[in-house]
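2 protein chains.
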Amino acid sequence: MKARPKKKLMTRRSALKNLSAITAAAAFPPFHLISAPEENPFTHKAYPPVEGLRKIATEEAFNIPEIAAAIKELFKEGGSNLDNLVLKQIYDPPASALTSTANISPADRDRSTQAMLSKLLDLENTRLADMDANRVDMHLLSLTMPGIQIFEKSKANDLATLANNRLAEVIQRHPARFAGLGSFAPQDVPSAVKEMQRCIQQLKLNGFIVNSHTNNAYLDEEQFWPILEAAEALDRPLYIHPRAPSDGMAAPFRNYRLEGAVWGYGAETATHILRMIFNGVFDRFPNLQVVIGHMGEALPFWLWRLDFMGAPGARAGRKNARKPSEYFQRNITITTSGVEDPLALRYCIEKIGVDRIMWAIDYPYQPTAPAVSFIETAPLSPIERTKIAAGNAERIFRIKV
Amino acid sequence: MKARPKKKLMTRRSALKNLSAITAAAAFPPFHLISAPEENPFTHKAYPPVEGLRKIATEEAFNIPEIAAAIKELFKEGGSNLDNLVLKQIYDPPASALTSTANISPADRDRSTQAMLSKLLDLENTRLADMDANRVDMHLLSLTMPGIQIFEKSKANDLATLANNRLAEVIQRHPARFAGLGSFAPQDVPSAVKEMQRCIQQLKLNGFIVNSHTNNAYLDEEQFWPILEAAEALDRPLYIHPRAPSDGMAAPFRNYRLEGAVWGYGAETATHILRMIFNGVFDRFPNLQVVIGHMGEALPFWLWRLDFMGAPGARAGRKNARKPSEYFQRNITITTSGVEDPLALRYCIEKIGVDRIMWAIDYPYQPTAPAVSFIETAPLSPIERTKIAAGNAERIFRIKV
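Protein sequences, first through last, are from chains U and R.
With the first letter of the first sequence counted as 1, position 134 gets the number 134 in the working numbering; the numbers rise by one all the way through.
With the first letter of the second sequence counted as 1, position 391 gets the number 391 in the working numbering; the numbers rise by one all the way through.
Same shape as in the complex, but just chain U (with noise of 0.2 Å):
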């Protein structure tokens, strides 16, 4: 286990010692590293967008038939499953709702949500029409929340099979449009580790992506470390995606529709982070790399709180080695999507650094052109830009430019 060198995470006696770091954290980019005054932004008002940018978007969403056919047919089972609720809207809405996705509003998110499965299953005629209208280079794919983790084990198997082969053959017909995650069922953690291998070993894929809870577990239990192991031995990120909060946790999210991206996503998935944290997983992991989207799910928002409350040994019962900012310094990526704001941007760069950001559509379930308009127009110098847009994906998951 070594540490890398802590390069502009804020603690709070480096802060208070030093003022003048201080004032750079509010800076872009940080005040002492400015030495061209066309580095500044508070002397240039606007950096111009790079011409051809490339961006490659790494959140970005597909299905396949015989899933949703087989989530479809979850539903006669019924469940207190609290994705069911957008599930059903995605997977089996009603007669009235399957029209186009002309004149939604915005703000009707119910109504768009009905929309999505053609989008879903599309890969090469609407997707990559979608990507060439603006711009986008490449789609990093992945299944769908919440994947295969909702079947039992040898339909989830075949399943995750199914659509990892589907994705590697897109792929390689678009090898310069498309790379994709493969997908494992954590319920069955012998076949999930040779899905894993496979994926990346024939199917060469780029890492894995895993819908936060199995069965209302979560990876810091010992039942999974495999898993872990497995994904750190093929040195490949997993993508910890959200799902609705796990049952033992969902009582408040169901109200309000408060399950979904709105809110309860972020806190379902932060506290799985939290929860593989403080069992000391990135510890016994130490090379694990994992990737979460929307801006960290807030989690560096936190980073300071978490660090004073969670340092090694403050509470009996937690594993962690190093404070919780460290591993956002070694073991864990954020990508951008579905929070296109360019504060938080800056704050996420200047707290956690910009080696460790990556942009995201969330396609379909965000829109394309403004998270490509936010990306190109974002106040970034041309190397950060450059590095959120592509540059980060690039080096993390691996993919041949």
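Beta-carbon label-pair distances, calculated as ranges: (1) R:317 - U:175: 41 to 51 Å; (2) R:135 - U:133: 51 to 61 Å; (3) R:287 - U:76: 40 to 50 Å; (4) U:317 - R:69: 20 to 30 Å; (5) U:317 - R:128: 29 to 39 Å.
Derived by calculation from the structure, the hints in this document are not laboratory data.
Computed from a predicted model, the values in this text were never measured in an experiment.
The beta carbon of each residue, even a glycine, is placed where N, CA and C say it ideally should be.
The hints should help you fit chain R onto chain U, whose structure is shown.
Same frame as chain U, now just chain R:
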């Protein structure tokens, strides 16, 4: 219901259309408002601390011996209340733990928690000395979590009355050093409303405190609306302080001591606020003022996504008439308790405006000296520092100067 001007609030549309505004968003003070060179933190590396800065700490905990004894008594009944983990450490620690706080590492939250009780019970000795030594003018006192919300109705009412009387007495003895928030028992709504009226009209307190859920119910529920109506009518703010997650969301927080300040408090309290927003509570009570600590429980960081996914009419079952961010301009004020991070503070100033942020220590759970150093030395303009350190608290809590 009248709309306030949405100053400084970054919406996606305005952000993407106005590049100079985006650039300004990362700046301090906002770029377009910089008039004099000495106001620009990027030409002046640091502001000197303001001489004799007036400081009102706004989330400062106390307890009374009768409630401490009642909490200890409650442990005998057992129960799964997730607050019990930390309450037992404070109110019923092992005999070996009852030592001084000397030589306790700041990282050792377990042992420092065990030494909290004497500081909570003291109002005029150690506390005033700590304030004097650290140049703190005033504590806005509030009965510490979980207050009287864990007791049965009649006991809760009696203890609320007792705590409020005790609070009013100490304020009367030290009117320049203490202000205070009144407690009430949400589990008995009619009595709560009466006690709220007494707190303001007779005891001249400055607002109210509630510790998130009461018997697993949240203030968005119609049964509690008379309490919100009373706070609005009495024209005093309601501080919604954390407690551990309610039973219905507790399960994933039962490991690694996730239930407390490290994470559970924030998840619980943010969920509470969002339930209020999405049930339209701030539309029904447009003048209700709510205060939340811990840098707004990270909700300011979520505002872009909350606005996108939670716009009015987005989902059936939601009743918010405005975007979530708009309530942060009209109904919600945050404090800095437990988050002494200049970067997070800068983010919040740019996102929700300096008038909506108040300084806090979170005594005795956080040490005073670093909290004071934070507000004295953070890179703030003189006006920002004055407002956050005391000015906003004087306005919002009607504290006499």
